[in-house]
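We have chain A; now place chain B onto it with these hints.
Below, each chain spelled out in residue letters.
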Amino acid sequence: MSAQNVITTPPLEPSQEIPGGTGGGKPARPGRAGRGSRSAKETLRLGNILTTLLLSVGAIAMIAPLAWTFSTSLKTKDGVFELPPQWIPDPFVWENYARIWTAGPLLSGIQNSLIVACSVTIVGSLASALAAFAFAKMRMPFKNVLFLGLLSGLMIPFPTLMIPQFTIFASIGWVDTLLPLIVPGLFGNIIMIFFLRQFLNSIPDSIVEAARIDGASYLQIFWTLILPAIRPALAAQFILWFMAMWNDYLAPIIYLNSPGTQTLQLVIANFNAQYAIQTDYPLIMAASFVALLPVLIVFVVFQRQIIESIALSGSKG
Amino acid sequence: MSTITRPRRSRLHRKEHQAALAFVAIPVIGFLLFTLFPLLFSVYASFTNWNGISAPVFKGLDNYTKMFGDRYFLKSLWNTLYMMIGIPIGLVISLALALAMNRKMRGTTFFRTVYYLPVISSIAAVAILWQWAFNGDFGLINQGLALVGIDGPNWLQDTATVKPALIIMAVWKGLGYSMLLYLAALQSVPRYLYEAAALDGATAWQQFRHITVPMVAPVTFFLIVTSVIGGSQIFVEINIMTPTGGPEFESASIVWYIWQKAFDNLQMGYASAMSVVLGLLVFVITFIQFRLNRRNQFSID
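Protein sequence lines, in the order shown, are assigned to chains A and B.
If you're matching positions, the first sequence starts at 0 in numbering that gives the first Met the number 0 and goes up one per residue.
If you're matching positions, the second sequence starts at 0 in numbering that gives the first Met the number 0 and goes up one per residue.
It cannot be assumed that every hint is accurate.
[Stated by the list, open to error] Just the calculated beta-carbon pair ranges, DEER-fashion:
1. Leu52/A - Pro163/B: 21 to 29 Å
2. Asp175/A - Gln156/B: 31 to 39 Å
3. Leu106/A - Lys103/B: 44 to 52 Å
4. Trp93/A - Gln156/B: 31 to 39 Å
5. Ser201/A - Gln156/B: 52 to 60 Å
6. Ala195/B - Ile121/A: 49 to 57 Å
7. Ala197/B - Ala215/A: 50 to 58 Å
8. Ala195/B - Leu52/A: 27 to 35 Å
9. Gln277/A - Thr243/B: 16 to 24 Å
10. Met214/B - Trp86/A: 41 to 49 Å
11. Leu113/A - Gly229/B: 24 to 32 Å
12. Leu106/A - Gly229/B: 28 to 36 Å
13. Leu147/A - Arg208/B: 36 to 44 Å
[Said to hold, decoys possible] Within a straight-line C-alpha distance of at most 25 Å, the following computed DMTMM-like cross-link-like pairs (lysine to aspartate or glutamate) qualify:
14. Lys40/A - Asp157/B
15. Lys14/B - Glu41/A
16. Lys74/B - Asp61/B
17. Lys162/B - Asp136/B
18. Lys103/B - Glu307/A
19. Lys103/B - Glu41/A
20. Lys74/B - Asp157/B
21. Lys65/B - Asp263/B
22. Lys103/B - Glu194/B
23. Lys142/A - Glu15/B
24. Lys40/A - Asp199/B
25. Lys74/B - Asp263/B
26. Lys65/B - Glu194/B
27. Lys76/A - Asp136/B
28. Lys14/B - Glu81/A
Note that these hints are calculated values from the structure, not bench results.
Note that CB positions come from ideal geometry on N, CA and C, so glycine has one too.
Just chain A, with the same shape it has in the complex (with noise of 0.2 Å):
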């Protein structure tokens, strides 16, 4: 094999200057090909070792604030301090993640959180639904104009549109309540009816019109037909939705005081604005730590379509 390719090597770089290959270059190629073969397996297996490599240490930055966030909440209040640092808390005090529920609103927190994302997910993707139905499917006067004026909103800033937003909820006295973070929600949201429309667009039109045929209401069609068929773009973007909601900071910030009403993200932030003057890190961190830990879990189970429908998200836009 290599003897064979000491003399087929040579005439292979005139070949090669002619673009097209005419006459010279067929016997020539698999010749090229053979010699590369074995050496470019090599370099595939060497390539994809440092690729491993370099990835592998760019996964341990990635990881490292979260592993070490974990840690220290596991720590001593002394142990936190301790040079060289323990990676591995010496001793575990899982103490910490008991203090946390009475340290602060953290129970509050979370039942907020989880009635403002859960209300507006569910109510809103059902709203987000229709809508994309209406405008995938059917026919309607200013279909075009009503979907880009709609999508230019998506051009607004929203700190260009919270100061009035706030002085009308302040206006009906929503102030310190969830009713500011749940009720803009729950009519919907542009990008979901955006991707629907798009997942809707490659379902043939033939079903809704034969289901009309039948005689079937367009609520019909829509329990019956659109949901079931657009389930997985749905699930994607209502656990999008469902995490940003969760993560929401500013919006929040703005409309809750009172510690009761405040949601999970607050809770942590004044944990952190709080117990840092007393040092108290593993506290701050273990209550940090819970509240990345549902999202976290959430993304786990449901990577895949997290993923998919992210990388998708990208291509389309």
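Just chain B, lined up with the frame of chain A:
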């Protein structure tokens, strides 16, 4: 719905129109109530002196002229733009990561998950842990630097390092997202392009430069637009990590300043004017990007 009065429309069509309009009514009403009306009100309030409690008093362009003499506003605007340096850095790293993960080898799914974890993590929790990581004496970053013999600064208290610190954190958090989009784009590049280029004797760098980069250009464009829009609204990290706007106002962002003026100082008219400027800025950037993108697409074709 009163618009459907043309007699030639069949009953069937009219019913369809009514049902469709009813279905889209919910988001449209939401848009009018919570986007369009607040937007118009913001624009109106930006021309007034208003504390959010008593009625706004019309002041013409006062707020806008005041803004461009306001040292803090200009500083926060500059800080916000400065922190966008992280966007190109993040894009280059994430493209490199995507190229690495596009190889056929074991463990890529695992790496993808790990790199994606910061993206889905709550920004508040992430800001808290990075504030701790940037601690001058006991933080993870300085302990890491100490291993290679560097005496790290007190990141968040130092005027020279507070913005780089926030940039590092933003890059760390956003890397997984752009990596994922690049990976999806790379996987859709037809293999024959590379095969043809290899036959023509193109080096790996030439293939990257003339096939990969143009083929992922739409994703690059999408990422730049979304990151600029997101970056112009940076707030949570600053609110948590540097609650007072950083040493000498070095990390105050525009949204942070709007928030402080509106809800701490109750200068809602002035804050509205700044928020309108922010909205215009986002609009202009998006618009320019769309124009540039259109030109790019023609040159690829």
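Each hint tested on the structure:
Under the hint 21 to 29 Å, the C-beta atoms of Leu52/A and Pro163/B, about 27 Å apart, fit the expected range. One distance hint, 31 to 39 Å for the beta-carbon pair Asp175/A and Gln156/B, holds here, with the actual separation near 33 Å. For Leu106/A and Lys103/B, the Cβ-Cβ distance of about 48 Å falls inside the hinted range of 44 to 52 Å, so the restraint holds. Evaluation of the 31 to 39 Å hint for Trp93/A and Gln156/B yields a pass: the beta carbon distance comes to about 33 Å.
Look at Ser201/A against Gln156/B: about 54 Å separates their beta carbons, and that is inside 52 to 60 Å. Look at Ala195/B against Ile121/A: about 51 Å separates their beta carbons, and that is inside 49 to 57 Å. Ala197/B and Ala215/A have their C-beta atoms about 56 Å apart, which keeps the hinted 50 to 58 Å range intact. In this structure the supplied range 27 to 35 Å holds for Ala195/B paired with Leu52/A, their Cβ-Cβ distance being about 31 Å.
For Gln277/A and Thr243/B, the hinted distance range of 16 to 24 Å is satisfied, since their beta carbons lie about 20 Å from each other. Checked against the given bound of 41 to 49 Å, the beta carbons of Met214/B and Trp86/A, roughly 42 Å apart, stay inside it. Separated by about 26 Å at the C-beta atoms, Leu113/A and Gly229/B satisfy the suggested range of 24 to 32 Å. Our hint of 28 to 36 Å for Leu106/A and Gly229/B holds, since their Cβ atoms are close to 32 Å apart.
Separated by about 37 Å at the C-beta atoms, Leu147/A and Arg208/B satisfy the suggested range of 36 to 44 Å. Under the criterion of a C-alpha separation no larger than 25 Å, the hint pairing Lys40/A with Asp157/B is inconsistent with the structure, at around 51 Å. As the CA atoms of Lys14/B and Glu41/A are separated by approximately 68 Å, the hinted pair breaks the 25 Å bound. For the hint linking Lys74/B to Asp61/B, the alpha-carbon distance of about 20 Å falls within 25 Å, and the restraint holds.
For the hint pairing Lys162/B with Asp136/B, the CA-to-CA distance comes to about 19 Å; that is within 25 Å, so the pair holds. Between Lys103/B and Glu307/A the alpha-carbon distance is near 19 Å, which keeps this suggested pair within the 25 Å criterion. With a C-alpha separation of about 14 Å, the suggested pair Lys103/B and Glu41/A falls inside the 25 Å cut-off, and the hint holds. Taking the CA atoms of Lys74/B and Asp157/B, the gap is about 16 Å. The hint holds against a cut of 25 Å.
For the suggested pair Lys65/B and Asp263/B, the alpha carbons sit about 19 Å apart, so the restraint of at most 25 Å is met. A hinted pair counts as satisfied when its Cα atoms are at most 25 Å apart, and Lys103/B with Glu194/B qualifies at roughly 16 Å. Between Lys142/A and Glu15/B the alpha-carbon distance is near 12 Å, which keeps this suggested pair within the 25 Å criterion. Restraint check: the Cα-Cα separation between Lys40/A and Asp199/B comes to about 21 Å, which is no more than 25 Å; the hinted pair holds.
Under the criterion of a C-alpha separation no larger than 25 Å, the hint pairing Lys74/B with Asp263/B is consistent with the structure, at around 19 Å. For the suggested pair Lys65/B and Glu194/B, the alpha carbons sit about 61 Å apart, so the restraint of at most 25 Å is broken. Straight-line distance between C-alpha atoms of Lys76/A and Asp136/B comes to about 15 Å, which keeps the hinted pair within the 25 Å bound. Of the pairs offered as hints, the one joining Lys14/B and Glu81/A is violated, with about 73 Å between alpha carbons and a cut-off of 25 Å exceeded.
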